[in-house]
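So you can see what is in the structure, the chains are spelled out below.
4 protein chains.
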Amino acid sequence: MKIALIGLGAMGYPMARNLARDHEVTVWNRTTALAERHAAEHGTRLARGLADCSDAAVIITVLPTSTEVDTIVEHLAGDLAPGTLWIDATSGDPIVSRATAEHLEKIGIDFVDAPVTGGTPGAEAGTLTIMIGGSEAAFIRAEAVLRSCGRNIFHVGSVGTGHAIKAINNAMLAANLWIAAEGLVSLDKQGFEMKTALEVLNVSSGRSNVTENLLPKRLVEGDWPLTFKLALLDKDVRIAANMVHHQHLASPMLALVSNLFTAARRTLGEEADYIDVVEYVAQLSGESLKRQ
Amino acid sequence: MKIALIGLGAMGYPMARNLARDHEVTVWNRTTALAERHAAEHGTRLARGLADCSDAAVIITVLPTSTEVDTIVEHLAGDLAPGTLWIDATSGDPIVSRATAEHLEKIGIDFVDAPVTGGTPGAEAGTLTIMIGGSEAAFIRAEAVLRSCGRNIFHVGSVGTGHAIKAINNAMLAANLWIAAEGLVSLDKQGFEMKTALEVLNVSSGRSNVTENLLPKRLVEGDWPLTFKLALLDKDVRIAANMVHHQHLASPMLALVSNLFTAARRTLGEEADYIDVVEYVAQLSGESLKRQ
Amino acid sequence: MKIALIGLGAMGYPMARNLARDHEVTVWNRTTALAERHAAEHGTRLARGLADCSDAAVIITVLPTSTEVDTIVEHLAGDLAPGTLWIDATSGDPIVSRATAEHLEKIGIDFVDAPVTGGTPGAEAGTLTIMIGGSEAAFIRAEAVLRSCGRNIFHVGSVGTGHAIKAINNAMLAANLWIAAEGLVSLDKQGFEMKTALEVLNVSSGRSNVTENLLPKRLVEGDWPLTFKLALLDKDVRIAANMVHHQHLASPMLALVSNLFTAARRTLGEEADYIDVVEYVAQLSGESLKRQ
Amino acid sequence: MKIALIGLGAMGYPMARNLARDHEVTVWNRTTALAERHAAEHGTRLARGLADCSDAAVIITVLPTSTEVDTIVEHLAGDLAPGTLWIDATSGDPIVSRATAEHLEKIGIDFVDAPVTGGTPGAEAGTLTIMIGGSEAAFIRAEAVLRSCGRNIFHVGSVGTGHAIKAINNAMLAANLWIAAEGLVSLDKQGFEMKTALEVLNVSSGRSNVTENLLPKRLVEGDWPLTFKLALLDKDVRIAANMVHHQHLASPMLALVSNLFTAARRTLGEEADYIDVVEYVAQLSGESLKRQ
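Chains as they are written, first to last, in the numbering used here: chain A, 1 to 292; chain B, 1 to 292; chain C, 1 to 292; chain D, 1 to 292.
Hints are computed from structural coordinates only; laboratory data are not their basis.
Fair warning: there could be bad hints in the mix.
To be verified - If you want the footprint, here are the derived chain C segments under chain D, 3+ residues with CB under 8 angstroms:
#1 7 to 18
#2 173 to 183
#3 187 to 201
#4 247 to 256
All C-beta atoms, glycine included, are put in the ideal place defined by N, C-alpha and C.
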């Protein structure tokens with residue numbers, strides 16, 4: 001099947017490679033160099049312009065935000081054949097993706113939102129979790145295509161629900177991370193070894209993916225790699241906050257964590273890793289958890 | 001060894017039974033009926049008054065709060081032989097327990113705070129996690145005694161650190177629970193099946209002990225048992241909030257969750273289960289997650 | 001001058017009367033009875049349909065939210081002569097009003113947002129504060145018209161800025177009200193007379209319009225009238241919260257107060273007065289400030 | 001009457017001068033130079049040690065926190081004659097002052113807490129607001145003494161209530177200040193003139209002492225003097241937060257503002273003025289309200 005994958009970032013690059021095993025994959029990227037490298041390394045077809053993607057049966061977008069997706073849709077949609085399937089694997093905004101889907105539906109194009117989780121390792125191994133929102137028929141088509149990328153592929157509801165649960169998941173991640181940081185700053189200042197503290201918490205009821213899998217590397221091994229930008233997590237938490245706002249729900253904790261992440265992003269900058277908020281939490285109290 | 005266990009609640013009752021396998025255990029409880037039953041069922045010795053506990057080499061308190069522990073200490077300490085070890089397995093307040101330890105030290109009694117986690121099932125199976133604060137020597141004595149109660153026994157630091165990490169753990173549990181509730185109310189209102197939503201979250205980065213082990217029973221099976229009182233979790237979160245206040249840390253999320261749990265407790269009452277806050281979160285938005 | 005005033009609520013009704021002293025005023029209201037009464041009492045012209053408003057040189061909307069304004073614009077705009085001035089005195093959403101203004105500009109109609117503050121007494125006395133957003137030329141026209149309604153008429157900036165500062169003002173009102181309530185619940189529970197407490201605060205640095213002018217009537221005199229619906233203040237605070245969200249600002253307190261007001265509205269209902277949140281704050285702690 | 005005034009800070013210095021008009025005033029200060037200057041300038045008696053204060057009929061403490069008061073009480077109380085009146089004009093902690101009063105009562109010394117508000121200008125002009133907690137008899141004695149210092153002298157309740165309402169007042173000041181800052185950052189970023197924005201707000205319902213009297217100097221005139229340390233306001237807000245915690249109230253906004261002020265203090269340092277939090281709020285969003 002002819003597939004065009006648009007957006008060769010940390011997730012899109014390895015996804016395109018996995019898809020290329022079974023399909024004719026055309027790749028497009030804003031900075032062409034990455035697309036050229038992908039074509040050279042993985043035998044994909046280099047799109048010289050977006051128009052080169054228009055003969056694909058399936059368009060897959062893997063972009064930073066729904067804004068970039070919107071721009072691509074605007075440029076490309078008119079050239080697509082009716083019956084094309086558009087899979088948006090961006091961590092996008094359900095409010096935007098519902099509008100996009102409606103727009104595309106009028107010209108006969110099926111849209112599913114299909115955000116992924118699992119990080120670059122999951123994308124490389126083809127073991128991503130993928131949460132798909134869209135019609136039953138579109139889901140079936142999307143799942144068949146994405147099978148080489150993901151191990152857990154869920155049909156979670158109508159268009160937008162994929163983006164919705166991704167946003168909520170990331171808001172939960174953000175809150176779990178922030179409260180763990182507050183707790184560990186307190187324990188650190190009381191003289192706890194971080195290794196012991198995390199071991200205890202991880203056999204106790206307050207444990208989470210954050211304490212089990214994310215913090216030991218940073219707080220025990222002292223290794224603070226860049227794995228996922230704080231700016232992107234802030235974007236996701238803001239999508240969740242905006243969504244619950246429009247649902248008119250009372251969500252004081254989500255509102256708080258969204259505003260605190262924005263403050264952290266303003267202070268730490270656009271290049272910071274999302275786990276660096278742990279150090280920001282410490283700084284708010286004049287402390288530090290980064291050991292020299 | 002002669003051990004006196006004071007407080008036969010949901011945790012103390014099975015702990016006394018496990019200890020009785022290897023030791024001569026005297027049991028005392030505020031309402032005597034429970035102690036009588038324990039003596040009858042498990043061959044422990046019934047204390048007719050606190051004074052009957054004074055010949056024990058080890059006193060173990062398992063009480064609702066440090067206030068009750070203080071009262072017992074006041075009544076009993078004068079009668080204890082120097083060298084007695086006091087193990088406080090209450091989920092207590094480190095500020096109080098440090099004062100208690102200082103007081104007891106003057107009369108030659110060693111004190112460790114040794115709160116536990118794992119719930120009644122863990123207490124029954126002898127697989128509790130136990131976090132002990134105290135001197136190295138006192139820890140060694142306490143660990144030997146508690147081996148029949150717990151699988152993971154940690155020496156986390158000086159007196160008070162056991163209570164400190166227990167409080168922080170429970171504050172993390174509370175926050176993880178609250179943010180999960182806010183997220184799930186949003187998803188529920190968008191038409192998600194709770195089963196699907198939890199399945200997706202549990203293979204995603206926002207997962208926690210709350211989403212993996214606590215919520216499926218309530219939100220998927222519709223079974224809302226009483227396992228741990230909201231009033232007790234509120235007490236624990238308040239201990240954590242008070243502790244970070246006295247450390248003069250900036251902990252906005254812990255402060256928020258503490259005040260929200262207090263509001264939930266005031267609304268749901270003293271008999272509510274801690275997971276009922278999920279329903280309280282829904283009510284704040286005029287919604288419900290309890291299915292008829 | 002021919003003026004059409006649309007929306008005869010608590011503010012619009014007396015505003016139309018004041019305008020009728022100097023102008024030919026046509027009145028329209030969703031439920032016609034109010035418009036009929038106005039025409040009978042104040043000699044205004046009854047609009048049998050929105051079309052009857054189309055010959056006015058100035059349209060003034062005074063509606064609950066920007067949504068109702070949008071609907072009216074949609075029905076009426078096509079019938080208006082180029083050069084008509086549209087004054088929106090609704091407490092509206094700047095994001096919506098900017099879009100509305102752009103739409104109207106294309107057909108030659110000037111738009112200003114001109115929300116008011118001062119309550120029904122101010123509307124009756126013609127002493128409202130009016131904050132106008134729009135071009136300099138449109139402001140001059142609008143000010144001339146509104147002179148009979150307001151004492152302080154400000155040109156605050158371009159279209160949307162009137163709604164923006166109104167929303168921010170009301171968010172400040174909401175926060176000042178909430179923190180005063182939290183403080184007074186604490187003092188009440190310590191045995192303070194509310195009369196004394198407010199007297200002291202009102203010669204101290206924590207005083208605000210809330211403590212000086214709003215709370216004595218309720219907390220000292222025990223008179224809790226319906227003056228302004230909580231549902232409308234919740235709407236205004238939500239406009240402010242949404243605005244700062246789209247500005248990508250870190251505003252944790254505004255976010256919190258917005259979510260707490262939503263919870264209060266869900267609990268107290270659509271007919272509650274905004275000062276009733278004081279009692280809601282008390283209820284969160286199991287207390288009450290309403291004396292029998 | 002013989003009065004000893006202990007603590008010649010920004011408030012104590014002018015208070016001692018006013019008292020010296022009608023009384024024999026002995027002054028003591030931790031750094032002696034200030035006391036020497038006071039004696040030279042205002043004819044007061046220089047205490048070479050705390051013992052020199054012991055012959056006074058009235059002791060007045062005006063110190064940074066209750067901790068310093070406690071230290072002075074410990075050193076001095078034993079030397080005082082029964083019947084001495086101790087007036088603590090510190091912005092202290094009601095929990096501490098109740099304990100102090102109980103201690104002093106046992107040796108026949110009356111204690112009132114009498115915190116003041118009105119700033120250095122009010123202290124100099126003798127127009128302070130003074131809120132007194134204590135017995136009716138002690139209040140009558142204290143009021144007679146303090147008449148030369150204050151214009152509004154209130155008997156607010158039993159011991160501790162003066163400190164309690166002062167703490168609540170300052171917490172309200174802090175919250176009113178913070179929300180005003182959030183709102184003004186939003187308006188500033190939308191292009192509002194701060195002069196216009198404050199003029200509008202000050203004839204609107206969101207106005208407070210903060211918008212009317214404190215912010216124009218800084219945001220319009222660009223003058224940011226040091227009038228009252230952020231560190232001291234943080235201390236007061238923390239007293240309020242601790243007090244409502246021990247009352248077991250749900251006070252989410254007070255909890256939030258307390259933690260945010262602590263973060264501001266950690267970032268801006270011990271010498272910052274309390275109004276500088278406005279700039280801190282701006283910084284959280286990467287903005288600034290201080291014009292060059």
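Comparing the hints with the structure gives:
Counting residues of the segment 7 to 18 of chain C whose C-beta lies closer than 8 angstroms to any C-beta of chain D gives 0; at least three are required, and the coverage claim is violated. Against chain D, the segment 173 to 183 of chain C contributes 8 residues with a C-beta closer than 8 angstroms to a partner C-beta. That satisfies the three-residue criterion, and the hint holds. Residue count for the segment 187 to 201 of chain C with a Cβ under 8 angstroms from a Cβ of chain D: 10. That meets the three needed, and the coverage hint holds. Counting residues of the segment 247 to 256 of chain C whose beta carbon lies closer than 8 angstroms to any beta carbon of chain D gives 9, which meets the minimum of three for the stated coverage.
The structure does not agree with numbered hint 1 stated previously, though it agrees with all others.
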